[in-house]
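Visitor: Fit chain B to the given chain A structure using the hints.
One-letter residues, chain by chain:
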Amino acid sequence: MKRSARRRFLAGAGGALALTALPESILAQVAIDPVVQSVVRGAPVRRGRVKLDLPELADNGNSVPMKVTVESPMTAADHVRSIYLLSERNPERNMATFQLGPRAGRAEIGSRVRLAGSQRVIALAELSDGSYWMDAAEIVVTLSACLDES
Amino acid sequence: MAARIQVPAAAKRGEAIEVRIIIQHPMETGYRVDHVGKPVPKNAIRTLTCRYNGVEVFRAAMSPGIAANPYLQFFTVAEASGELEFFWTDDAGTQESARQAIVVAG
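Protein chains in written order, with our numbering: chain A, 1 to 150; chain B, 1001 to 1106.
Just chain A, same shape as in the assembly:
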């Protein structure tokens, strides 16, 4: 099989892009977001521990698969209390809130979301010690949901 240099470059470039950590500026932007503030109430938001899996491109915003994973031992002493899924552009910005506890065993939630256009999606996790951790993902939505008549 002949894989052209261009193919290899594209694969490498894509991989490098995916590995790029969230820039500090995004964290700063997210931290002052009123919807985020309504959840954290002034508590600091940190980056890491949370991983939000979302495709980079969605042809249709009506149903976009997503997955949130939080690194946590999920014991009675140290577990994830809630996971918030926030949207930048949806009419209802708080898309979903999931409440889990030590009985979950693993802090991982999968679902399908509806997105009104290209935007940044934020996953915010509240841990049992009261700390907040986040991850964000940028997604390009070709055909947006909610506002059109489909």
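Misleading hints may appear alongside valid ones.
Here are the computed lysine-lysine pairs in the DSBU-like style, where the Cα-Cα straight-line distance is at most 35 angstroms [as the list claims (entries may be wrong)]:
{"hint": "1", "chain 1": "A", "residue 1": "K67", "chain 2": "A", "residue 2": "K51"}
{"hint": "2", "chain 1": "B", "residue 1": "K1012", "chain 2": "A", "residue 2": "K51"}
{"hint": "3", "chain 1": "B", "residue 1": "K1038", "chain 2": "A", "residue 2": "K51"}
{"hint": "4", "chain 1": "B", "residue 1": "K1042", "chain 2": "A", "residue 2": "K51"}
{"hint": "5", "chain 1": "A", "residue 1": "K67", "chain 2": "B", "residue 2": "K1042"}
Derived by calculation from the structure, the hints in this document are not laboratory data. Note that the structure is predicted; figures quoted are calculated from it, not measured.
Guide: Chain B only, in chain A's frame:
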């Protein structure tokens, strides 16, 4: 409305098992109009709870930001054989439930 729940056929005690549920529901956004131009009222499942042998293990607060026919996948520790019960309520006030048996070995 119908719901389908999937759990592993056999689970070991203490193991985190994957639970998946899909509920038939339009999750109306309130922004659509019907064929005569009348707005379709907003109607989404707002709360969903999962009880494992009577103990709440998972709760979700949802909005129209969750796609129609909401699908949820989460984990719970297999403690004992028994039943998973799901309860949900939508904006129209409809309350529904579904249940699924769980078999735990060991």
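Visitor: Now look at each hint and say whether the structure bears it out.
Guide: Okay, the hints, checked on the actual structure:
A C-alpha spacing of about 8 angstroms is found between K67 (chain A) and K51 (chain A), which places the hinted pair at or below 35 angstroms, so the restraint holds. Annotation: proposed proximity of K1012 (chain B) to K51 (chain A) holds, straight-line Cα distance about 27 angstroms (limit 35 angstroms). Of the pairs offered as hints, the one joining K1038 (chain B) and K51 (chain A) is violated, with about 41 angstroms between alpha carbons and a cut-off of 35 angstroms exceeded. Taking the CA atoms of K1042 (chain B) and K51 (chain A), the gap is about 31 angstroms. The hint holds against a cut of 35 angstroms.
About 26 angstroms separates the Cα atoms of K67 (chain A) and K1042 (chain B), which keeps this hinted pair within 35 angstroms; it holds.
Comparing the model with each earlier hint shows a violation of hint 3 alone; every other hint is respected.
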